[in-house]
Structures are given as structure tokens and as C-alpha cells.
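*Asks:* Listed here are the chains, written in short residue letters.
4 protein chains.
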Amino acid sequence: MTVSGVVERKLRDSFARQSIMTTFGVTIAEIAPGRIVLTCPILDLARQQHGFGHAGLAFTVGDTAAGYAALTLMPEDAEVMTAEMKINLVAPSDGDRMIATGRVVKAGKRLAVVTGEVEVEKAGVRTTVAILQGTMVPILPRP
Amino acid sequence: MTVSGVVERKLRDSFARQSIMTTFGVTIAEIAPGRIVLTCPILDLARQQHGFGHAGLAFTVGDTAAGYAALTLMPEDAEVMTAEMKINLVAPSDGDRMIATGRVVKAGKRLAVVTGEVEVEKAGVRTTVAILQGTMVPILPRP
Amino acid sequence: MTVSGVVERKLRDSFARQSIMTTFGVTIAEIAPGRIVLTCPILDLARQQHGFGHAGLAFTVGDTAAGYAALTLMPEDAEVMTAEMKINLVAPSDGDRMIATGRVVKAGKRLAVVTGEVEVEKAGVRTTVAILQGTMVPILPRP
Amino acid sequence: MTVSGVVERKLRDSFARQSIMTTFGVTIAEIAPGRIVLTCPILDLARQQHGFGHAGLAFTVGDTAAGYAALTLMPEDAEVMTAEMKINLVAPSDGDRMIATGRVVKAGKRLAVVTGEVEVEKAGVRTTVAILQGTMVPILPRP
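Chains as they are written, first to last, in our numbering: chain A, 1 to 143; chain B, 144 to 286; chain C, 287 to 429; chain D, 430 to 572.
A short, non-exhaustive set of chain B residues, derived as facing chain D with CB atoms under 8 Å: (1) Lys229; (2) Arg253; (3) Thr278.
Take a look, some chain C residues computed to stay more than 10 Å from chain D by CB distance: (4) Val289; (5) Ala315; (6) Ile317; (7) Asp380; (8) Asp382; (9) Lys408; (10) Leu426; (11) Pro427; (12) Arg428.
Keep in mind that the hints were calculated from the coordinates and are not lab data. The beta-carbon is built from N, C-alpha and C at its ideal position, and this holds for glycine as well.
Given only the sequences and the hints, what does the whole structure look like? Please build it.
*Replies:* Dropping the structure here:
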């Protein structure tokens with residue numbers, strides 16, 4: 001199963017308009033129905049006090065992957081908004097590159113329940129640094 | 144009650160080493176025992192697809208305020224790490240300036256439970272855009 | 287400000303139909319717009335392995351208080367459902383009586399963001415044992 | 430890999446002392462390292478206003494499965510306590526039997542990050558009704 005051309009264009013346009021994605025150097029690695037993979041370098045401008053990637057970076061990329069995963073299962077004219085998101089940080093973001101995978105657990109009419117996993121790659125080895133669980137809301141154009 | 148000079152220096156040093164704070168233009172507005180206020184402009188580089196501040200910005204500033212609030216109540220040689228954080232977004236970050244207040248609900252030996260509130264100011268009016276609830280862990284130097 | 291008679295009756299009827307409330311001996315202590323207080327004894331049937339009230343009891347009573355708090359601000363024909371809820375446990379439920387206060391942070395058309403606080407009373411002293419933050423959804427009759 | 434006899438006995442003893450498990454008719458279906466399955470009927474005493482299993486039931490069983498999953502990976506003399514838990518409810522608990530699976534994502538020295546999935550069986554068909562994500566803390570005997 002693949003994502004329709006309309007949905008993929010909508011998703012890529014929306015992503016391109018998010019300046020924070022450019023700031024963090026995030027790119028789209030994979031678009032599939034109910035599943036999005038984003039990736040970025042861990043830039044010098046996104047670090048915490050020990051030089052690791054900031055929790056806010058892991059949140060931003062993980063939340064965005066989860067949101068766009070939900071968008072792939074929404075009506076073609078819908079946009080998506082995070083209602084709430086929870087992140088558990090399980091290891092420091094010590095590495096060169098971050099990979100965030102968003103998945104849809106349940107796509108409802110009014111809400112989508114999503115999860116995310118954020119990994120960091122260092123010298124070719126991937127470690128899970130955070131998991132996320134949250135709720136996305138479809139925003140439909142006023143009739 | 145005030146925060147000791149040692150703790151305040153430790154906190155300001157830690158904050159200064161977080162490059163993501165510089166990226167987002169965050170500054171410390173208030174340091175009190177169990178309470179930290181951070182503030183930042185909503186910069187062009189931190190926006191989502193509609194031009195509002197990104198959820199990742201609200202998370203980053205809210206989480207950091209909550210973490211340093213916990214740090215004010217920890218032993219003088221402790222550092223702080225986010226174990227987990229949950230954010231509910233209640234309004235778009237539509238404004239010029241973001242203000243995040245972190246508070247400690249319970250400061251335990253092994254964990255601190257914290258909350259955060261993120262507001263946005265537009266034309267002098269403040270609106271709550273997000274609330275956070277999470278857990279901070281003190282990191283103590285090895286004996 | 288008070289809650290309308292229609293809303294109060296709807297709330298009390300709904301509460302009475304929840305068998306788990308009877309099981310745990312929960313009663314309604316206060317109904318106000320955007321604020322509900324529930325209380326219950328900590329019964330022998332609701333304990334964890336050390337004889338304290340189970341986390342599931344604190345969750346059940348806290349979540350229900352938060353849900354009905356949201357219901358007070360919804361349209362008169364709406365029902366309420368928990369979309370998601372997060373609980374941080376800050377102390378053991380060591381006492382005779384539990385008091386849960388639910389509050390509404392933001393009552394939107396499609397979602398309500400709520401918080402809860404659960405306290406336990408022992409020999410007349412109240413201690414906060416848990417805080418909650420979550421999302422309630424109004425369920426409206428089909429037109 | 431299996432769980433040691435000492436850990437299994439500790440887990441079963443702890444479970445047997447939780448009166449709320451007896452109240453809800455919960456039994457242990459599976460014990461494996463980092464994975465626990467609990468099951469229970471949806472009793473008349475644990476329902477919400479529409480006759481479905483209460484969110485508090487799903488939370489209680491899911492949280493307990495997740496906690497004991499963490500316990501299987503802790504030192505033999507440790508006990509376990511929930512620090513925080515988040516639940517997203519994705520469908521009503523409409524069925525005869527509830528099955529909760531707890532899993533460990535990361536077992537650290539000071540914290541374990543866990544997830545849970547709660548399913549309901551109706552006429553032989555299983556539906557996921559809730560997912561959980563949280564933090565467990567090992568409690569060690571004072572030296």
C-alpha cells in the first residue's frame with residue numbers, strides 16, 4: 001500500500017513550511033501509510049549542556065514524525081495538529097544522526113493515537129533514545 | 144526564600160552550555176526555589192507550517208524551565224535530566240514572545256515531579272498555549 | 287457561577303451508572319463549573335501489595351473527577367470520554383480517605399484539557415499522592 | 430530465557446497481596462523476562478456508565494502488567510513502584526475478557542521504561558482498547 005500523490009504532496013508542502021525542520025536539518029526518509037521516518041544530523045545548535053542532542057530535539061523530530069504518520073491516514077483535505085504528546089527519554093542523544101519513526105496505532109475520525117521512536121546513530125550503531133505516545137487531531141477545512 | 148549562590152551559578156552555567164537555548168533566544172527571567180521562568184521571542188526559525196511557534200519550541204522551553212526548577216531543590220553537586228515529560232497543547236503559539244514557568248510538585252531523593260506552563264504574549268495579552276507534567280532525575284557525581 | 291440543574295442531573299445519573307464507583311465507595315463531594323471533587327474510603331478491596339491504595343484506585347478516582355469536571359462545561363446533551371490521561375504518583379496512598387479534585391484547563395469544542403489532584407487523608411492530615419493531566423472528548427448525540 | 434524461580438516467587442507473592450487484583454479477578458497468564466501477560470473477566474463491578482469496562486480497569490491491569498514486566502529484570506531483592514504512567518484509550522472495553530501485556534523498553538539501574546497494551550476479547554475477537562507508556566522505579570532494601 002502506498003500513500004496517494006495528493007497526500008504525499010500535501011505532506012511534503014506542509015513539512016517544507018515548518019522552519020524548525022530547516023533549522024534542525026530534518027529530512028523525510030520514508031513516507032508510508034501510517035508510518036513516517038524523519039532523519040537529521042545532531043547539529044551543534046541543538047545540544048544540551050553535555051553536548052548531546054537536546055530532549056527538545058528528540059521531541060520535535062519524534063512528534064513531527066508521529067504527526068505526519070497520522071496525516072497519511074486522514075482525509076485528503078485534512079491537516080494535522082498535536083493535541084498531546086508524551087516522551088520517555090531512555091538514553092542520551094550521543095551520536096551523529098537522529099532517526100525518528102512515527103506510527104499510527106488507531107486512526108479515528110476525530111483523533112489519531114500515535115507512537116514514535118527516536119534513535120541515534122553513532123559510528124554505525126543505532127540506539128533508541130526516546131519513545132513517544134500521543135494524540136493527533138485532524139483539522140478539516142470549514143464547509 | 145532564595146536559591147543559594149552556588150546553585151544559581153551551577154544553573155546559569157548549565158543553561159549557558161545548552162546551545163539550543165541560544166538558537167531559540169531563550170533567557171532566564173526568574174530563578175526561585177522550585178520555580179523557574181524562561182522567556183524567548185518566537186523566532187522565524189522555530190515555526191510550524193502555519194507560522195506559529197512549533198510544538199517542539201513550547202516543549203523545549205517548558206521542559207527546560209521544569210528541569211531547572213527541579214535543579215533548584217536538588218543537592219548542590221547534582222545535575223538534572225528529564226526522565227519523561229508530557230505536554231498538552233491548548234492553543235496555537237500565535238504571538239511575539241513565549242514565557243515558560245516550571246514548578247516542582249514533589250522533590251524526592253531519586254525523582255522530582257514537575258509541571259510547566261507555557262504562555263504566549265501577543266500585543267500585550269498572554270495566553271496559555273501548553274501545560275506540561277513530568278519527571279526529573281538528579282544526576283550526582285560518582286562518589 | 288453554578289452548574290445548571292440539567293447538567294447536574296446528567297452528571298449524577300452518569301456517575302450512578304458507573305458500577306466501579308460503587309465498588310470503590312466513591313461519592314461526589316462537590317460540583318462546580320469546571321471543578322469536581324470526589325471522595326472515597328481506601329477500602330480493603332482496592333489495595334496494592336503493601337496495603338496502600340493501589341495506583342489504579344488513584345487513577346480511577348482522579349480520572350473520573352477530571353472527566354466530570356469537563357462535563358460541566360460541555361453542551362447539555364454531551365457525554366464525556368477520556369481520550370488519554372497521565373498520572374504521576376508522588377507518595378503512597380497511605381491513609382483512610384482519598385479526595386480527588388478534577389479541573390478544566392481548557393474547554394474546547396472538540397477536546398477538553400483537564401488536570402487532577404489526588405490527596406489522601408490520614409489522621410486529619412492531607413497529602414498529595416498523585417497528579418494527573420489529560421484530555422477529555424465530548425460525545426454528542428448523532429443529529 | 431526464563432525468569433528465575435526466586436523472581437517468579439517474589440512476583441507471584443506480590444501479586445497475591447494486591448487485593449485489587451482479587452477484586453477485579455485478575456490472573457497471571459504469562460511470566461517471561463521483560464514481559465508479563467495478565468487477564469481478567471470484565472466484571473459487573475468494574476464498569477462505566479455505558480456498561481463497558483471502566484478506563485480505571487484498563488489502567489489498573491495495564492499498569493500492573495507493565496510493573497511486573499519491569500520487576501522480572503530487576504535485582505532479586507527489588508520491589509517495583511509506578512513513578513508515572515500514561516494511557517491512551519483507543520476503543521471502548523466492550524467484551525468479556527481483558528488481556529494486558531506489559532513490556533520493558535529499557536531496564537536501567539534507577540528507572541525502567543515500560544509499555545503496555547490492553548486488549549478486550551468479545552466472541553473470540555480481540556481488539557486493542559488501550560496503550561500505556563510509563564516509568565517504574567526499583568525499590569531496594571536499605572543496606
